[in-house]
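Protein chains in written order, with the numbering used here: chain A, 1 to 316; chain B, 1001 to 1343; chain C, 2001 to 2338.
Hints listed in this document are in silico derivations from the structure and should not be mistaken for laboratory results.
A couple of the hints might just be wrong.
Said to hold, decoys possible - Computed list of chain B residues with no C-beta within reach of chain C, every gap over 10 Å: (1) G1082; (2) D1201; (3) T1315; (4) A1342.
What the hints assert, rightly or not - Label pairs and their in silico Cβ distance ranges: (5) B:R1140 - C:Q2071: 52 to 58 Å; (6) C:E2125 - B:D1277: 43 to 49 Å; (7) B:D1277 - C:Q2071: 40 to 46 Å; (8) C:K2082 - A:S199: 38 to 44 Å; (9) C:Q2071 - A:R42: 47 to 53 Å; (10) B:T1315 - C:V2331: 54 to 60 Å; (11) C:G2031 - B:G1280: 42 to 48 Å; (12) B:T1198 - C:I2316: 35 to 41 Å; (13) C:S2076 - B:R1133: 58 to 64 Å; (14) C:E2125 - A:I45: 36 to 42 Å; (15) C:N2289 - B:T1198: 25 to 31 Å.
From the three backbone atoms N, C-alpha and C, an ideal C-beta is built for every residue, glycine too.
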Amino acid sequence: MSEPTVTQDLIQHTEQPTEALAGVRSNRPRSLWRDTWDILKRRPIFWISLALLVMFLLMAAFPSLFTHKDPSYAQLAKGMDPPSSEAWFGYDLQGRDVFARTVYGARASIVVGVSATLLTVLLGGVTGVLAAYYSRWLDAIISRVGEMFLGVPYVLGGIIILGTIAPAQTSPNEVMIMAVVVLVLAVLGWPILMRIARSAVIQAKHQDYVQAARALGAGPIRIIFKHLLPNSLAPILVYSTITIGSYIGAEATLSLLGIGLRPPVISWGIAIADHTRYIRTGAHAMLFPALFLSLCVLTFVMLGEAVRDALDPKLR
Amino acid sequence: MVEVLSEPGSRGTTGGALLEVDNLHVEFRTRAGVAKAVNGVTYTVDAGETLAVLGESGSGKSVTAQTIMGILDMPPGKITGGEIRFRGSDLLKLPEDQRRKIRGEGISMVFQDALSALNPVFPVGWQIAEMFRMHRGASRSDAKKKAVELMDRVRIPGAKDRVNDFPHQFSGGMRQRIMIAMAIALDPEILIADEPTTALDVTVQAQIMGLLAELQRDSNMGLILITHDLGVVADVADKIAVMYGGRIVENAPVHDLYRNPAHPYSKGLLESIPRVDLKGQELYAIKGTPPNLLDMPTGCAFHPRCPYKRDNCVTDVPPLNTVSGTRGSACHYWREVIDDSAS
Amino acid sequence: MTAPAEPILEVRDLVKHFPLTQGIVVKRQVGAIKAVDGVSLDLHRGETLGVVGESGCGKSTLAKLLMALEQPTSGSVRIKGKDITKTRGAELKRMRRNIQMVMQDPYTSLNPRMTVGDIVGEPFEIHKDVVPKGGRRRKVQELLDVVGLNPDHINRYPHQFSGGQRQRIGIARGLALQPEIIICDEPVSALDVSIQAQVMNLLERLQSEFNLAYIFIAHDLSVVRHISDRVAVMYLGKIVELGRDADIYERPTHPYTQALLSAVPVPNPEGREQRERIILQGDPPSPANPPSGCRFRTRCWKAQDICAEQVPLLQIREGSSHPSACHFAEVNDAVGTH
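So that you can see chain A by itself, here it is in the shape it has in the complex (with noise of 0.2 Å):
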């Protein structure tokens, strides 16, 4: 048993209401959800990150509500034309408008971001939870195979794969690249996840409330879900937003070495490897993309940090 400091057992001792106050503070319930809004509500940062978030969502689902100009359309005269009141991003090399491609290339990047979170949650999410449930040889199994793949480097294992797999040049069907891209990074990146929930039920495991419950004739199923799942969301929902910002960083890094998405897929990985050698005649059709995708990494970052200076019950 750690020391609880003054400050941490006044804080609890403070959360207990007395019979008295319970009246006052009226019946509504307060789950632990409920508290984390509450904290969540009175931060500028969630906010802010909030609404670029939304903006970024729009931008991914409705396009055209920002420009209506068609990204595909190239007047190879205006080729690297710098920024103007008639393009206010400038040209790309193909004469294409630069801030169109880059309102269009959201959705690639955000749905790539998006669904290979997802897989990463679901395959490290199962194995996670598996292993720390049943722990013995099928902890030592899942936690061998998952180092085998955290060994292999990011990039590594991007060219490796995307290398053998990729759907051949001739047949540019944009789904299959996407779907492609997404496969890789979840496949390389689920062992942190599977980590972070293995060792999220472990803690929740050896709670007092899991062992009431088995005395009570509780089966597996329900001490998984209702128990031990709900109790390790809190870090599997935190790391998952800081994830989307990182892995649309990551398709950006393997579409630039070539990899990764390509044409016709729009995405802002495409439109930087695109433009790097032209950095020093039009930076603009470079940096634009760019800037696009630092903010929306950040923008996950920053909600995913919110969230859990929010959940982390420390910081209360």
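Please build the complex by placing chains B and C on the supplied structure of chain A, with the hints as guidance.
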């Protein structure tokens, strides 16, 4: 103040007691509001004297001790009033480097959980020796020799061989002894023991309490014993301060308080102890729950739980009334309480 | 208080050794922690058996074994004649209705993500045939009322309650299936002094109301004495003395019981200077490597050669009416009454 410190032989020269806590107020600013942890605590300890501070969790007993030691987390803690006089000078007004000197040499502290209070990556002997090197500038070998002496003094068997062992290699009782060795290393005039035996078993608790009493006798230290255990208090204390809701509700010499409590809270605590002759009967129980520090009851903090409650208890904060010579009770109706408990 | 014919709970030669292993891939057993090492006891309907002992004596492991949360290495735990350690599946689930527990820590024993209604109602979710679905909410509110909580607080979460109130929630959950036996594992030691008496009174009231049998595990000797009809004293995995409360507290014959009683500080300063104390030396040895023969001999002032050679059995000794596991058991007048 430095001059005073340089002559540790002279004790209690300023006329007042060795340590005087005077009307101390401490608050904690938390997300949920301001928690008033200590609301005007006053007590004194003299050389060779044992003061027991008795109270439940959240009563402010540990916060007061940490304020005396100068180890309160600030923020969220904030000292909003009062003085802590050690040998007549107010510790709260001293610059940090002088306070650091008093910590360990003047006043030192033993914590409840020795395992987390000791550094796990250093041998215990090194940690004890560090006190001499930091405060006295002793050489490495001298300090180590002193450390072995101290470990002998707190009765750690085979001290010479164990001086290089790490904290986790000792049992709970032995770790507490090491903590005590560190606390008495510089011959402090006041030792604060914050629940020193709560984490220990009964038979080990008896050993540790015996050791503390012996060390106190040998060096004439003033001892502040912070506890919630009425048995331990009865065993060792000279005088008692009972705390409730950040206030001292009763202070008295130990025999007087147990024989004849003058505050309804202390009376209730004593009556709720299971007794052989009342076996099978319902225990007396103080109703309700301890106060919420964020939302203290008005008037007397104990009034929602008090069987003596009248209208003015809800509105007026009772002062610490003088019962007799050194006794005080913060109850409007202390005469009634003391009459009831005498019968 | 005299025992009716058939005990409701019979524990015989219960042993739990936790293996100590070394190696990461291939695990070798290098020893065992002998947490519980041959415990036998009976519990009768409506009776309270107190179990006292210091940390590491195996009392919490004993509780887990009785609750079938751990599998014993050997021995049996019979509830109404049926051995719970050999029961599995649906049959075990049905047996669990008869034996429930109240845990020590009111902060970790309640799932923070569930409402009080869900926590107290969970037994009915698991054992669906006990109360029909429509009646469960009413039943939960009744239970809250029984333990002295406001039934309207059914939708609140545990962190909205104080420690004492949370312990009441835990008790309500334990009562839900109307068990005949409740294992109380240090039920008041985490509570504030002024709250302990409230919870003790509640436990006693429930016992007489529902004719419950308690195994009351605690380290606080005065609390155990107050509630128990009989008391078992444990040391390093074994019961060293077992008897009626007056036998144990007034006429203890085992040196460890005597030392334990004499070490408890008496909450009365009168005559403290004259009080005689048996202060034991050192700490209890590790249960991974207990002394041969009598386990207490390393700290015992009576120890002789025989103590190292022969394990003293828990049996009635000369000059006493209750069993004691000491070769030299005798009443010691120096040990005062508590």
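Now the hints, each set against the structure:
| no. | hint | result |
| --- | --- | --- |
| 1 | G1082 | holds, 26 Å |
| 2 | D1201 | violated, 4 Å |
| 3 | T1315 | holds, 24 Å |
| 4 | A1342 | holds, 15 Å |
| 5 | B:R1140 - C:Q2071: 52 to 58 Å | holds, 53 Å |
| 6 | C:E2125 - B:D1277: 43 to 49 Å | holds, 46 Å |
| 7 | B:D1277 - C:Q2071: 40 to 46 Å | holds, 44 Å |
| 8 | C:K2082 - A:S199: 38 to 44 Å | holds, 39 Å |
| 9 | C:Q2071 - A:R42: 47 to 53 Å | holds, 50 Å |
| 10 | B:T1315 - C:V2331: 54 to 60 Å | holds, 58 Å |
| 11 | C:G2031 - B:G1280: 42 to 48 Å | holds, 45 Å |
| 12 | B:T1198 - C:I2316: 35 to 41 Å | holds, 37 Å |
| 13 | C:S2076 - B:R1133: 58 to 64 Å | holds, 60 Å |
| 14 | C:E2125 - A:I45: 36 to 42 Å | holds, 40 Å |
| 15 | C:N2289 - B:T1198: 25 to 31 Å | holds, 28 Å |
The structure shown violates just one earlier hint, number 2.
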